[in-house]
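Student: Following the hints, position chain B against chain A.
First to last, the sequence lines map onto chains A and B.
If you're matching positions, the first sequence starts at 4 in the numbering used here and goes up one per residue.
If you're matching positions, the second sequence starts at 4 in the numbering used here and goes up one per residue.
The hints are simulated quantities; they were obtained by calculation from the structure and are not laboratory data.
From a predicted model like this one, the values you see are computed outputs, not experimental measurements.
A portion of the hints provided could be inaccurate.
[Stated by the list, open to error] Below are the DMTMM-like pairs computed for lysine to aspartate or glutamate, each with C-alpha atoms no more than 20 Å apart in a straight line:
#1 K238(B) x D215(B)
#2 K301(A) x E76(B)
#3 K530(A) x D603(A)
#4 K157(A) x E245(B)
#5 K14(A) x E236(B)
#6 K254(A) x E298(A)
#7 K473(B) x D523(B)
#8 K14(B) x E279(A)
#9 K75(B) x E298(A)
#10 K71(B) x E245(A)
#11 K192(B) x E236(A)
#12 K75(B) x E245(A)
#13 K301(A) x D318(A)
#14 K515(B) x E529(B)
Number of protein chains: 2
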Amino acid sequence: MPSNTAQKLAKGQKEISVSEFFEKNRQILGFDSPVKSLIMGVKEAVDNALDACEEAQILPEVVVKIDKIDQKEYRVTVEDNGPGIVSTSMPNVFGRLLYGSRFHAVRQSRGQQGIGISATIMYGQITTGKAATARSKVEGAEAAKEIDIIIDTKKNAPILLREDYVPWNEKEHGTRVEFYMNGRYVTGKQSVLEYLRQTAIVNPHATITFIDPEGKRFNFERATEQMPPLSKEIKPHPDGIELGTLMNMIKATKERNLAKFLQNDFNRISERVAREICTAAALPETTRPSNLTLESSKQLLEGIGKVKIMAPQVDCLSPIGGNLIRKGLKHVLMDVKPEFYAPPVSREPKVHTGNPFLVEVGIVYGGDLPSDQPVQILRFANRVPLLYQQGACVVTKAIESTDWRRYGLEQRGGSGIPFGPAIILVHVASTKIPFTSEAKEAIASVPAIQEEISLALKACGRSLKTHLNKKERKSKTRSKFEIVQVIIPLMAEKTAKIVGKPVPDLRGTLTKIMNVVWIDDSVTYEKKRHRVKVQIYNYTPKQQRFKVHTVLPKGCLDLGSCSLQPSEVKEDEKITWQLPKIASTDLYELSFDLKGLDQDAYSETEVYVSGINPVDVMGADPLPGDWDLEGVNFTEVEAPVAEKAEDEEDEPDYDESGEELNDE
Amino acid sequence: MPSNTAQKLAKGQKEISVSEFFEKNRQILGFDSPVKSLIMGVKEAVDNALDACEEAQILPEVVVKIDKIDQKEYRVTVEDNGPGIVSTSMPNVFGRLLYGSRFHAVRQSRGQQGIGISATIMYGQITTGKAATARSKVEGAEAAKEIDIIIDTKKNAPILLREDYVPWNEKEHGTRVEFYMNGRYVTGKQSVLEYLRQTAIVNPHATITFIDPEGKRFNFERATEQMPPLSKEIKPHPDGIELGTLMNMIKATKERNLAKFLQNDFNRISERVAREICTAAALPETTRPSNLTLESSKQLLEGIGKVKIMAPQVDCLSPIGGNLIRKGLKHVLMDVKPEFYAPPVSREPKVHTGNPFLVEVGIVYGGDLPSDQPVQILRFANRVPLLYQQGACVVTKAIESTDWRRYGLEQRGGSGIPFGPAIILVHVASTKIPFTSEAKEAIASVPAIQEEISLALKACGRSLKTHLNKKERKSKTRSKFEIVQVIIPLMAEKTAKIVGKPVPDLRGTLTKIMNVVWIDDSVTYEKKRHRVKVQIYNYTPKQQRFKVHTVLPKGCLDLGSCSLQPSEVKEDEKITWQLPKIASTDLYELSFDLKGLDQDAYSETEVYVSGINPVDVMGADPLPGDWDLEGVNFTEVEAPVAEKAEDEEDEPDYDESGEELNDE
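Here chain A stands alone, though its shape is the one from the complex:
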């Protein structure tokens, strides 16, 4: 009876309210186990508190308290000193899903969906049958508004069981939300405490207090009084914008001609760029947007794709910054005493489907970190730690698809999570984080984001490899070097004494035995400056003349302090020195200062060489052509001669004559 089935199905078809949907699919919101539910509840309330404080430029003071009611039930209270919520808005903010102020804005914030806190209250209500209580006071108000609230899930609408004005004299302004939920309180890697600890790491301007179910108090004091810069709301960036979105914008615009529309409704389109786009799209600048058809909208989109448009401003984003990443990591890792903190990498902002984003990466290595386990991954999105769904996250995918064997970590087959005593931290900041679900636990595999993470990982991995290479070579060759350097002269001296002859000049002998240019570098910190010394010993029998290259923190090199002026400075960070001739057995010392860096921010120098056969050098890698340091497969100095010849061919831009680089 197929036609019968069609009628039957038609009868069953109805609309589903969004809260009804999430009531039945609460795992999508992250409420899929008792442990996780409790963390989710705390997280949604704390994210809101931090967002509100930042929007009002108030240094956040957040208090989280969890009380155990019975075997399954907990009460969660989260209180902040934020600007408060206007009392008429309170019912919808707490009692309606898909309601909020941050959904339509193009700027970085923790909350984006208008789901979190109301979903938490709904989950609490489903599992305990109890209402939530919200209290809020705005500045200048005499009293706080307090409501007891439940959600009508069939209608996705708030029901107020009580509303009152209550005195709240100890607060000038702020919000407190209190809800009951079934859950399970645990400690460990995935716990409320760990969530708050990681939150404190990436929000050093916040003071967070936590009172656990046993009444134990944890204080995460703020590490800085400086607010992160307020992320600014911007217009959509045209890069990667989609036809549908473009057509919606065309429909909504108030502008009367195409050029003005492009200029005023988008980020980074100047008058000139708008004109260029119109030309590329073969559309008159004076076209009325309302006259654009599907076909001409497609032309316009193609035109946008053809014109080079500036990257979005950074000020819609609020990155953590290399310094604070390092500080944060040091703070967490005091106990394990890592041997090496790779300088954190902050990439320039890029765009995914019209949304600016940027990636930051830090790597920590060694010390007491376990060496026989997969590396630990710390993921953050818009300053919020991601504790769950590691396997689903683009961060993990980028890590897994990087060949870490190149950077000194163990990795079977060159893919998958590498093993080794390391921690990899990745922060993605965006005006719109593309989470895989409303639970906001993992970032979707958007190709543009994965690419940026990969590049940042490689850049940071490169520092790690430089460190490990140095360490390995030094330990390998140090002993040989010492024997030759120390023992042979001693032997010569003794022998000379015995035979009663003068001590011979051994330098020629030593160079014959060593036959290597030895490069050593060191960093010292004094008077708020880093002093870098690069010592070059020519232990070969002939005179050497070559170039030394370093990658330094952007704009930090103090040119006045250089013992030798660089022959080229590229992009404010890639520095080349053409060394003078160094005679056989001579030592040449290059030194310079770095200014404006925290003491912690710099501890080791990347040194590369060119214009010299790389197998003759110990202590520095050959510079790959075009400074292509991300993709470089580091050549071991012990490489056989055949490979060496190839390496030289790979570097057509560098030759013995010391000509300028040619990379345009």
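Tutor: Chain B only, in chain A's frame:
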């Protein structure tokens, strides 16, 4: 100006329509890369087609066609022979998110959310600006209704650009949907073709035709004319139900007293059980549901938790079944010729938060499967292949947290995805699959589900281990055995001939050399029956008497065919034989038939022993106490004597006297 901020925020607060939400968060629906988007689009349409056909009990014929329009744009057409959609329903089915017939029903179906096809149409519209076309005809109708449809995302409502009645004479009934979308067509592991191939594996009653962008035609012919049983709609099962849901049900019930409410609004609550629950909850049976307060509802929930309630009926679920799983796997794997198909395990239905579910697992090993890579995982949910988000899925978590070293696969540290030449197939069937997101790519980590998958994996892993143990032992000891068995008698014969004496009886000598009970089993298939032979050679110097245990497919043992009657049959599958005394050097043969199984369904027998020192046995593992086969850490027969003693202590239920098992 914090108060200012509160006002500003309040102004920005608005309601977000669900389609607007997904327009901006389309990665949540799985549209996060061009390749994936195309697969998602096909998947949503095919899922709907199969669901509709099954509901009408029509053998599905589905045709999928993809045309390339330009560099980015494709047209997808999916046509079925289902019951059709009533014309008044068409706009909402295709043009409104969160609208459908399957959301409120408690039974297994592919679609559950009322999101898929309308979200696909929305995505097509966003990326190409083009409308979708849907055509449907119900039985008896003279013409098909055809509409061109777009979605008003601000309102989450359909807009019809055209509606017509068109002749569709070649179809009695059916639906065709056609949409344009940006995407990228690829072949390989994550592709439309692979999705359809895997769909065909687990839906052997469907014929699926695919015409790729180059016009190449792929036919997946149905392998069976038999429809899977129609999954029945049931009432919610009380197991794991939540307070909120219970209170909603109390509010909605038409019953006038508690006992009737329990009996009629729930699955598996009989009059007796309803009475027991009332007693356990200390609530009178006559309580009016509307009089139940929060407190008494909680009491009721606790009462439900205290009473044992039957597992839900199976008929709301539509498992694939062991036979078809094996067939499906064989079908896919013809080329790699695996050496072993572990008998697929189908677990009994269990319940997660009121929703019945069951787990099926199959494992394939060896042949040309690559041995130096992670095992391949095939995941299915309600007969739909899951190609993405493997890392986020409870299936993967269950696999990762199983210690596969116990079952013969390589696994660093005993956790993570194991390495080896194996494929692991897992199917989860449920009236409600808790997906991690609306994209339905991964199943959330619900503890009850993970537990069931783990148990099924272990049961299947056990078969694998039995196979590998046998293989290893046989190869290890076969040569020794052959030498002793064959060469020594030959030598004796020759020597006897030379010295002119009679050939001596070597049995005693052989047993001294072997000193082992050798157990060999074989399976042959003839006249639609499997004949199992277990041969027990007593190559020890003393008489032996012990028990042999097997786990056979449920209810398949033909008692009439047994050469020795079992001394105990437990749960229709755990069979124990008390063997008679076997004198030194004697052979005892136990044989029996299995009936009702496909030839492919059985190839190897699990044989365990008890009442004998396990180190004296070759070819069978010791039975762990209480048949605890899932958690068993298989003792190697080469185990040192100290361990042997412990093993014996672990088996208090078994002793030399051959008494009955005591496991109640």
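Student: A separate judgement is required for each hint: does it hold in the structure or not?
Tutor: Cross-check of the supplied hints:
no.: 1; hint: K238(B) x D215(B); verdict: 43 Å, violated
no.: 2; hint: K301(A) x E76(B); verdict: 12 Å, holds
no.: 3; hint: K530(A) x D603(A); verdict: 14 Å, holds
no.: 4; hint: K157(A) x E245(B); verdict: 17 Å, holds
no.: 5; hint: K14(A) x E236(B); verdict: 15 Å, holds
no.: 6; hint: K254(A) x E298(A); verdict: 15 Å, holds
no.: 7; hint: K473(B) x D523(B); verdict: 9 Å, holds
no.: 8; hint: K14(B) x E279(A); verdict: 37 Å, violated
no.: 9; hint: K75(B) x E298(A); verdict: 15 Å, holds
no.: 10; hint: K71(B) x E245(A); verdict: 19 Å, holds
no.: 11; hint: K192(B) x E236(A); verdict: 41 Å, violated
no.: 12; hint: K75(B) x E245(A); verdict: 12 Å, holds
no.: 13; hint: K301(A) x D318(A); verdict: 30 Å, violated
no.: 14; hint: K515(B) x E529(B); verdict: 38 Å, violated
The structure is inconsistent with the numbered hints 1, 8, 11, 13, 14, although it conforms to all the rest.
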